[in-house]
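Q: Chain by chain, the residues run as shown.
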Amino acid sequence: MNLALPRREKAGYKQAGRRRNRLDTLRDVALYVIILGFFLPVLWIILTSMRPNVEINTRPPVWIPAHLDFDSYKILLGMPTPEGAFGMGAAIPFVQYARNSTVIALASTLISLVLGTLAGFTFARFSFRGKNGIFLSMMLARAVPGVALSLPLFILFARMGLSDKILGMIIAYSALNIPFTAWLMDGFFRALPQELDDAALIDGCSRWTALLRVDLPLALPGVAASGIFAFLTSWNEFALATVITRTPASRTFPPGLYEFTGQFVTDWRGMTAMSVMMLIPSVIFVALVQRQLVQGLASGATKG
Amino acid sequence: MTVTTLAPAAGKRASTRSVSRETRLLPIAFLLPGFLVILLVVGFPMLYSLYLSFTNYTLTSAKSFHWIWFQNYGTLFHDPTFWQAFGRTVLFMTLATNLEFLIGLGIAQLMSKAIRGRSLLRTIIMMPMMFAPILVGFQFKWFFNAEVGLVNNILFSLTGTAHIIPWLIDVPLGFISILIAEIWMSTPFMVIILEAGILSLPTEPFEAAEVDGASGWQKFRHLTLPMIMPFIYTALAIRSLDIARAYDVISIMTGGGPGSRTELIWTYVYRLAFSGHNYAMGSAMSYVTVIISFLFTWYLFRNVIKSRWEGRE
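Just so you know, the protein sequences line up as chains A and B, in that order.
Our numbering puts the first residue of the first sequence at 153, with every later residue one more than the last.
Our numbering puts the first residue of the second sequence at 18, with every later residue one more than the last.
The following block holds chain A by itself, in its conformation from the complex (with noise of 0.2 Å):
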């Protein structure tokens, strides 16, 4: 149960009062060692995006830039730059990409979150047949990669009139999210006692009432942990967006990295700079929910 956390994190806490041995000093170290490594391309990219153009493509390698600065960030963002100061970003539509993504990933994230949530209500408190079917039909929606999904969707789409628009990139997505959000919230709306919801019923509440009031509140954490997962997939996404998103009025982050490689040379200041302001919504996002990811994760990944 998600009691179950705060529980342990608090023992955690507690634990630091005891007499911390060599083991317990070698063993975050150790931990500090891997997580070092593992940020160490993002520290590289961060300090590509920010260091002299010449000193990146060299070998042997300049380890330590001369100077700093933000240049590619400014290009991107069409502001004034110090003379001879040049990217590839001059030509592509920041804001507008940056624009596009925002209201993509958030109504994406919200269409799926409150569709998978109903769905995953509905594995969790009812029985019906072709439960199983149905629910296997759904991961297997997510089985299919975009590669083999975006020729046939674009077709489709441009017959509805919904290619290279938002609206279709938002319905989209939302498919995408909608298996893995029923599956996280079944699991979680599973691990809630079924007393709850019949206690609502005796009282006179109708499901409906009973799904928003009781079992939802509950269910947060859960929500939380669905909705990181559905808005890095939506804000990341490349194979359907570079087919259905043809021109900058509907494309997203992704496909524009790629108008940072020409035919013979990348601008990798330019492409970094793009990724660090990407990341930053996401980084924001999940240092915000991130406990509640990993409590959400705790009851809803598997609990039966």
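There is no bait here: all hints are sound.
Chain A is faced by these chain B residues, among others (derived, beta-carbon under 8 Å):
{"#": "1", "residue": "Val59"}
{"#": "2", "residue": "Pro62"}
{"#": "3", "residue": "Ser66"}
{"#": "4", "residue": "Met128"}
{"#": "5", "residue": "Thr140"}
{"#": "6", "residue": "Ile142"}
{"#": "7", "residue": "Met146"}
{"#": "8", "residue": "Pro150"}
{"#": "9", "residue": "Ile151"}
{"#": "10", "residue": "Phe173"}
{"#": "11", "residue": "Ile209"}
{"#": "12", "residue": "Ser217"}
Far from chain A, some chain B residues (derived; all Cβ distances over 10 Å):
{"#": "13", "residue": "Phe71"}
{"#": "14", "residue": "Trp84"}
{"#": "15", "residue": "Phe87"}
{"#": "16", "residue": "Val188"}
Keep in mind the hints are simulated off the structure, nothing from the lab.
Ideal Cβ positions, reconstructed from N, Cα and C, are used throughout, including at glycine.
Use these hints to put chain B onto chain A, whose structure you have.
A: Coordinates of chain B only, in the frame set by chain A:
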């Protein structure tokens, strides 16, 4: 699809209480919207691509194509490249899931014990999964560049002599490079799920074991590991499905090449369907793969479903 079977079945369990109309119709009302969206975005296009897989449709002859029955499927089953790509995908999946699991379990176990800054560590470790896979592809392609890549440059600085190791080109190295990129990007997912598992465990058995003088390894081996098994199954099931459709990172890093040395199923589908202008063939291949994925999904999720819905129905 199965929606039609919902209505008469919904009341089955409710027979213990009063079978109200609400109980019968609500599952339909709750499931239908999500199901329709999935049907529109995944169902219809995949049906269309099933139809195309029985024709000789290509991107250049989109107007004039005709029905050729199972010809594409026949060609596919005699295509050694397909079977090689298939075998390589299975190998890639096995290595990636197992390595991610081992590394992820190690980090999760350490994280659950860490005292200070756990929130910060958690946010940092999750950063690789916040990057767009396509960006991970670009970056790791660049890191593994033979001339100016970060990896060879580190070797240069460490040894003092220039190593021009063609990471993305040599036979086992290309495969290892894409494996490393995949592991870097996806291990955090394992960490988060397994850490959630470890943190959800009750403390009492551990206190009892401590009283009995159990070592840390004994506690891990005989308490933690068996108790987080459901989390392990879940993490492995999700990751296997995700890797089975791994495409973005590999397509950018090697595109399945050079030649077809690092060809996985979906890079081969792309090569056939889009670069090779044989879309119908690519569709046929998608289908074979999706069906195999489905069997695999069914196999993996059967256990999850069984453990979940036992005693409920």
